[in-house]
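Using the hints provided, position chain B relative to the given structure of chain A.
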Amino acid sequence: MIDRKWIGHELPPSILAIERSRLQLFAKATGETRQEYLDVAAAQAAGYGDIPAPPTFLMAAELDSGASTQLLADLQIPLAKLLHGEQSFIYHRPVCAGDTVTVRSKIGEIYDKKNGALEFVVKTSRAVNQHEELVAELRSVLVCRHE
Amino acid sequence: MSAPSFDGVKVGDLLPTLQLPPVDRTMLALFAGASGDHNPIHIDTDFARRAGMPDVFAHGMLGMAWIARLITAWTSQSTLRRLDVRFLGITHLADAMQCGGRVVEKLEQDGERCVRIEVQSANQFGQTKIVGEALVALS
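If you read the protein sequences in the order shown, they are chains A and B.
For the first sequence, counting from 1, position 35 maps to 42 in our numbering; every step adds exactly one.
For the second sequence, counting from 1, position 100 maps to 112 in our numbering; every step adds exactly one.
The following block holds chain A by itself, in its conformation from the complex (with noise of 0.2 angstroms):
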């Protein structure tokens, strides 16, 4: 069981640099081959400043701080009986490369199906860029399979 005492619990904010390569690299990754997505000169030409980051990038930024692997320490889920639930993005300003984002996420409700088997964990999350200016809303289901 996972302890409720995490419900309303805060990460710590997780900083991103959004840099070239890597999402050059995540496009290789997802099989993106269109221009914009790998080269600045066309990616300007589409009207952004720098590569932008794709809708799905920003989980990044959880993953690479050790956030995420620390909120599952925490919640004691072993990596073996996770799984992705659901996946939420709303959209409010472009990323690019060049930019900083910051992400801060909280805990909101944990709760069991299946008399326990299957236990669910919403994570609600806000990032914003260097400048302050908030860029996406992410929301995440996680599930723990005890079956």
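Honestly, the hints are just simulated from the structure, not real lab data.
In this text, a Cβ means the ideal position worked out from N, Cα and C, and glycines have one as well.
Here are a few chain A residues that sit away from chain B, every Cβ distance over 12 angstroms (derived from the structure): (1) 8; (2) 11; (3) 15; (4) 20; (5) 46; (6) 83; (7) 109; (8) 114; (9) 115; (10) 118; (11) 119; (12) 121; (13) 126; (14) 140.
Across the chosen pairs, the derived CB separations fall in these ranges: (15) A:113 with B:117: 22 to 32 angstroms; (16) A:113 with B:151: 29 to 39 angstroms; (17) A:131 with B:125: 22 to 32 angstroms.
This is chain B only, laid out in the frame that chain A set:
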């Protein structure tokens, strides 16, 4: 392909499908590095087997990244307002995913003309792995 316009889009319109190659271990290793998700269950067969899985399997967020590609191939990323998905099943090695989307509503939100799109991905056996919705603003 020209960018879709609000007036040119009808409820029921289908987005061009995105066909992905079969999932392989190289793809998962690259995505682990690129995404920052180093969970060994996606890249280490020994770990996956100890966890009771037949083998490594794809990161959920790789599947969602493909859904995002479906949208941004149709309209510029700068028009994307919202993307929500539910992961229904595990995407295994050799699954060749196809992502699709359908316009289900035209609406106004926060002073912008938007379309709501139902999205999903399924493997070559017709097993749906991800369902969700995107909201894009079209001029």
